[in-house]
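*Asks:* The primary structure of each chain is shown beneath.
Protein chains: 4
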Amino acid sequence: MGLRTAEEYKNGLRDGREVWIEGEKVEDITSHPKMKVGVETSAIDYEMAENPKFRDLAVAIHPETGEPISRHYYISQNAEDLIKRHDLIVEATRQGDGIIPFTKDVAGDSLNAVLITCRSMGNEVYIDRINRFYNHVRNNDLSVACAMTDVKGDRSLHPSSPDQEHPDYYVHVVDKNDKGIIVRGAKGHITCAAYCDEILVLPCRAMREEDTDYALSFAIPVNTKGLRQIVRPYRYHQGPLEFPNDRPIRSQTESWIIFHDVFVPWERVFLCGEWQYAGAMAYNFSYSHRHTASCYRLAMTEVQLGLAIAIAEYNGIDKISHIREKITDMIIYIEMLNSLSRASCLEPIIREGVALPNYIISNLAKYHFAKNYHEFVKNVEDLCGGIFITTPTYKDYQVPELKEDIDKYLSGIKGTSALDRLKIIQGLKTTINADDEVLALHAEGSLQAERMTIYGEYQKRLQELKRNAEKIVGID
Amino acid sequence: MGLRTAEEYKNGLRDGREVWIEGEKVEDITSHPKMKVGVETSAIDYEMAENPKFRDLAVAIHPETGEPISRHYYISQNAEDLIKRHDLIVEATRQGDGIIPFTKDVAGDSLNAVLITCRSMGNEVYIDRINRFYNHVRNNDLSVACAMTDVKGDRSLHPSSPDQEHPDYYVHVVDKNDKGIIVRGAKGHITCAAYCDEILVLPCRAMREEDTDYALSFAIPVNTKGLRQIVRPYRYHQGPLEFPNDRPIRSQTESWIIFHDVFVPWERVFLCGEWQYAGAMAYNFSYSHRHTASCYRLAMTEVQLGLAIAIAEYNGIDKISHIREKITDMIIYIEMLNSLSRASCLEPIIREGVALPNYIISNLAKYHFAKNYHEFVKNVEDLCGGIFITTPTYKDYQVPELKEDIDKYLSGIKGTSALDRLKIIQGLKTTINADDEVLALHAEGSLQAERMTIYGEYQKRLQELKRNAEKIVGID
Amino acid sequence: MGLRTAEEYKNGLRDGREVWIEGEKVEDITSHPKMKVGVETSAIDYEMAENPKFRDLAVAIHPETGEPISRHYYISQNAEDLIKRHDLIVEATRQGDGIIPFTKDVAGDSLNAVLITCRSMGNEVYIDRINRFYNHVRNNDLSVACAMTDVKGDRSLHPSSPDQEHPDYYVHVVDKNDKGIIVRGAKGHITCAAYCDEILVLPCRAMREEDTDYALSFAIPVNTKGLRQIVRPYRYHQGPLEFPNDRPIRSQTESWIIFHDVFVPWERVFLCGEWQYAGAMAYNFSYSHRHTASCYRLAMTEVQLGLAIAIAEYNGIDKISHIREKITDMIIYIEMLNSLSRASCLEPIIREGVALPNYIISNLAKYHFAKNYHEFVKNVEDLCGGIFITTPTYKDYQVPELKEDIDKYLSGIKGTSALDRLKIIQGLKTTINADDEVLALHAEGSLQAERMTIYGEYQKRLQELKRNAEKIVGID
Amino acid sequence: MGLRTAEEYKNGLRDGREVWIEGEKVEDITSHPKMKVGVETSAIDYEMAENPKFRDLAVAIHPETGEPISRHYYISQNAEDLIKRHDLIVEATRQGDGIIPFTKDVAGDSLNAVLITCRSMGNEVYIDRINRFYNHVRNNDLSVACAMTDVKGDRSLHPSSPDQEHPDYYVHVVDKNDKGIIVRGAKGHITCAAYCDEILVLPCRAMREEDTDYALSFAIPVNTKGLRQIVRPYRYHQGPLEFPNDRPIRSQTESWIIFHDVFVPWERVFLCGEWQYAGAMAYNFSYSHRHTASCYRLAMTEVQLGLAIAIAEYNGIDKISHIREKITDMIIYIEMLNSLSRASCLEPIIREGVALPNYIISNLAKYHFAKNYHEFVKNVEDLCGGIFITTPTYKDYQVPELKEDIDKYLSGIKGTSALDRLKIIQGLKTTINADDEVLALHAEGSLQAERMTIYGEYQKRLQELKRNAEKIVGID
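Chains as they are written, first to last, in my numbering: chain Z, 1 to 476; chain G, 1 to 476; chain U, 1 to 476; chain B, 1 to 476.
Source of the hints: derived by calculation from the structure; they are not laboratory data. Check each hint, because a few of them may be wrong.
No copy is singled out in the list; a pair is fine if it fits within one copy or between any two copies.
[Claimed, not checked] Distance condition first, Cα-Cα at most 25 Å in a straight line; then the derived DMTMM-like pairs of lysine to aspartate or glutamate:
#1 K371 <-> D435
#2 K225 <-> D261
#3 K429 <-> E375
#4 K53 <-> D87
#5 K319 <-> D329
#6 K403 <-> D261
#7 K403 <-> D420
#8 K429 <-> E24
#9 K371 <-> E325
#10 K225 <-> D28
#11 K34 <-> E242
#12 K225 <-> D407
#13 K371 <-> D329
#14 K403 <-> E27
#15 K34 <-> E22
#16 K460 <-> D420
#17 K414 <-> D476
#18 K395 <-> D28
#19 K84 <-> E347
#20 K179 <-> D15
#21 K36 <-> E7
#22 K25 <-> E401
#23 K53 <-> E91
#24 K429 <-> E22
#25 K25 <-> E404
#26 K319 <-> D168
#27 K225 <-> D168
#28 K408 <-> E24
#29 K179 <-> D128
Could you put together the complete structure from these sequences and hints?
*Replies:* Here it is, written out as structure tokens:
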């Protein structure tokens, strides 16, 4: 019990789980060439806890036992706690060269969401179960993926709609007995799920009474029978065309998780039929998780800005007035994100004993990031120039006669080698891509989801402002 | 000594000052129909200190004497102090139905700017003078206008450039003797200057060595000989065409201040020739004053949003999807301003013993406000509809046969009278206008000024990010 | 018969019409100080026909009689005709210093809309009536206002909805006899209606069967009994605070038109109960009228750009890089409008023998103008600077001692007098205002109206593109 | 002589040219698996001339000989010719499923640029040479790459600046003799250069007198000794992870062309030292080539919109109001591009006997496309959803047990198979990527290049508008 080392985390993943990648069944997640990068990226969170430099950020004290635990599993009480969590995620993402380790971040967000929802229901059975599961995770320093997004089928229809092609687009209960429940369905876009210890399932939307069987939250180990993952790598690089780099590669994978009539024991069930709370649980997750997003996006865009500044300087364009204005726009973008993300911590909302980032501000932060990310990318690409597309490969560079040409002709301002310039461009190509754009839009909630949250949370204030305006113009 | 009543403030303004409005020399500022609205709007700050409801916000304790003083003249020490100041400005502007009282706000900003600059110079003579002047203001509860923007002539030239049509576009020293200095020139766009007790003059830009005579800061009473003001009213309404409203009218005036070889005694001189510090003094003012801007703009735009929501509801369009999206955009605009403005307080910078709102965040707040204000206004106008332009006047409404038509035809959704609708539109016409748009762009620093501040303050961080990016791609 | 002189046009307006302005009943439209500016602005269209310089633009040949007629009443047959009409509106608006004469422009748009709709109905009675009315207008060179926008009440309800406060928010038939019909209701925002010869009424939206009584189009002389107008001036200047200018003032008025059980003879009724065609008639008007908008907006924004360039040069800022970029943005805005407006003519659509500007392109032109106008205004205001708000008045300037100060201190770059600078600013204040912003958004159809038209017109193409995309990826 | 078949074009490419790709020297361009896709895509232009369906578009008549020639080599005389060229490029790109064949398009643009520049110089020797080269291309139906962008080194320095690391960043003359010249340097981002018959070299910027050796234009066959190309594929797909598709793959390659002291005979030299004309030649190319861009971008974005609509429908979200608004934005984007691109043809400028698309309008079209492309892409990505990133691969789909899961869970609305959905997403992934975004920004001139052209071309008009504004406000 207590904090695990990165090695212990990895050992725990060799447990017979069913994971497929590119049509191949993976024997050992931690050594498979297409899977281990994700494992190692997630391990950063474990490594930071071992590293004295980051220990204060990464480790907190269990409020009851006084033992050291991961800060991600410490329930924030106030602004200071939230700022520490903010700083931890930012720093961990910096350690990941712009990629968040993620497994513990999302774990904390989803555990808190379930805890808050159960407490607000006042259902003592559920409260007891989630408390025990929370302690299981906390005391054994586990990693947990949050499986939220259902595959949905026709998005204009409700889960139980008879117009759906079949009833299984949303994960639901198909049977119950005295030991537990049997669930069927599939969840998609589940980051890191292939190398977590547990899967925590949440509903992804508000439900109606007819959706009772779909109002469901539970947790199971990843190697549970009947649980299959089809995985897609995200951002794998360093093939023979890429310039070599000693730095470890960072990336994650995304899973489709199919539940083939999976058995879940009752002690792991946190919502089962209380359809009125499905939406709340999803919202409670999003409040916190959108703040997680704004933290790691900050560290990610800082890497992109750094690369963009480097290439602009190498190209000799950084002092041109329109370029300086574009750099200023990029700074404004990043510092707006930074300020809003931190501000959401500094003005917390306490819900059922859990300090959450201010809902409106954390949604503003995520919305600002996502809405303007393409414009930020446009500026990065503008500074880089056409060579982003046309850059010679490392294979070209290994041919001596081509190397000579490349060294001579692709250098930038005096003193900047072609090789350095090509490395920066390779770095840009790694981090600027359509997948990251889509992530910006859809991960942790779409633009429209953030807008709806902000609009919804503001209704009372809106009527106050209306009433005040009427007073000002003399309407009683 | 100590806090003054609003009445005492007004009495202090009857002092023989030279103020002109629309070609007329004003005898008594406090009773002149075109001037008194500004006086009364400024008096709100005095009234709030007398009002038990606002006393905690409006009044602070003199750190040395323990006496009650205006919070505006209490030097903030930390985030909490700044947040109180933020809340005070927001609340005072709400009391002004969207118009800031202003005279004490700008007073605090400019006094702090001079104090910080003198301290950073380490010039004990200046430090002593500004301390004494600060205490004079604080202990007598005075109002102070900050005269910063010179008339400039050719903006592409420096103050002392021989290519300027004449040497007096920037206020400068034309003579000195053992008692003091003689100054000449003109300052423009000086809000509230006609009804303040003192004028505090600051340089408006960085200077070069040849501009020595223009590097100048001093304070004088408004009725000083040779000081002339030409004033323009801003937002005067309630003529015979407007619908009557018992609510007091709120507005300010803008002054051109001409210094006709005005004598300033040495004890009132805070910068005189130290051209290296001219730019710093201007910047030190802007750091704080841009935050002032973001506070009162918040209260102003809240009024506008309230009016817009009212008219949308009266028109029966508030549930239409594209209107709801526009309302969401307006909420996002306002809450972004609110969050950034508060965040700049929550993460202060301490300069020479003075807590200032975080430079970058306060510039982001002001920039966000100003850059997007026209878009916000566009949404307000969109919700209002064409009747904004075509609204019948109160004179029409007083003709019985027209009143009957208007009452019948200009009502909105069931239960909304035409009169209420016209009053809301009149409220909108008061607050939505080109003057306020220009104020948004130019008051407290232009868009470009904010961009340059942000870019400048970020240079060190930019190089860190660049260096880190190089490390990530393997460049030593 | 044939073309009238401006004098003849004015004489025709002294006919006993009932027009109210600011609570006063107007005896003679053409001499009333608050009304005559509009009359004179509208008269430009008549003056141009008399002016050899513009005759080719302003005058066309009656296709049947060979007589000279106003080009506005010539039914365009092809791209060339439409370009001539485009050029005529642009030129007339330039003659109006940025204000369109309007009465004939909107006349042509609405006459064509009725004509096309009647022809597409195939209703010979209506076709005959509108042809005769069209000839009446054409042969007597009349001016015609188009009364389209109803006052609407609750905008979320249909005209005949029982939830409306009363049934008269939309103009409708209350009685019929063998001579004609009796109509009741009110129309709003009717530009120029006070100084036109005729009012042509159109429905403003699609109707349902229960709205039969509201599906209505007809024309009547302005002095018809029971027709009352409440008028609001738009942009009246040149009071004692303004600097004198020999140039005639240009402006229009907006009318509320109330129909107090007005009798309309059958020969003037063009739609009466055919609810299926109400929407089409409104659309047919908008297709053409949005193009009219893009024409006069071009000439209007050109004036604004010219003023902005002048003040930027006087201020000495026109070569600063960020200002040059803003000027470039303004040029792009204007030339985009110009190109799209002309392009809509060059690619016409022929409907029922009438050449109309391409629907999609003309909506793009209007939408581009309206969507981005606030940003354009922002740039104008940015170039002008704070003096836009604080500019001294002509009354100040007439006081010799103030004149001396103003002349000295408010001059710009060498050789630019303060007086010229103040005149330019006065020009800017005349043309930059919230009323014009609202006009940009709502006149000739709102942003959303344009979006819906574009979306609707594109449906077939959208499915073609979808089908093609499927083919490309191998879906049969 | 005369039109060639696609096969003849391909045969002509087997000529010993030196082309490298991914470190490998290519033996036969037309059969190499990484090169032939580009060859086949370019061949579309030849195929269309053979296809009766497109013959009228693709083939024109030689004005002197009366023989059929490629329309790309027919010198446009008027709007009608330009519109035909517009339609040809759009259609050819549609044949390329969104990829332009390019080799003849850019050939025409660059040949015209040289012709116009030589004619405007009045240099009969050059005129004769370019005429003969033009006829050589036209009569033998050759393909020509335009090599314009130099590798530049430090972009803030001129070609001949001694502060450059070496003098060869811009292609220049290093020796001359009576037979011809020897050139050295490198050009980058040269689309299709690996599979053209000829390379036409143009200067990429304005030059100063000291840059005389760099003011250079010439043409040589691609297999000329000393000419080396390093090539990068662009958009190669259909590996084992992709779902199979019978449709041919379309793509191009980009080349770095290194001139290792290449000999150019005098009859192929069109500019050599006349530095005053270097900028003009670059501009003359851009006027026409930016129009080419707007044509093929139209066909490309139509494919993207089609895919986006398909996936939105499959997902069941196409009727949701915020999605409909996004679709409307996409339509507006595309139709704005279409209208402006066509409008630039409809209002041509005749230069030295060559009809060019209107400069300002063609720059507006390209600028509109490039400035807003990222926003368009954002909307495409928004409609697609997170599955863009997480889509299973074809390898997954070939495993029967996974196929079953995928077929069941990744289907969309009733009747839409998972396979079709995955194919559409694969199509989206092919066309939405960072490379295309960079192309949007930098190909055919950067955003700033377009802005500078528009600003420059508008200077005269700007002063007219200023003068007119002064008149309006009464300044003589």
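*Asks:* Where does the structure disagree with the numbered hints, that is, which hint numbers, in rising order?
*Replies:* none
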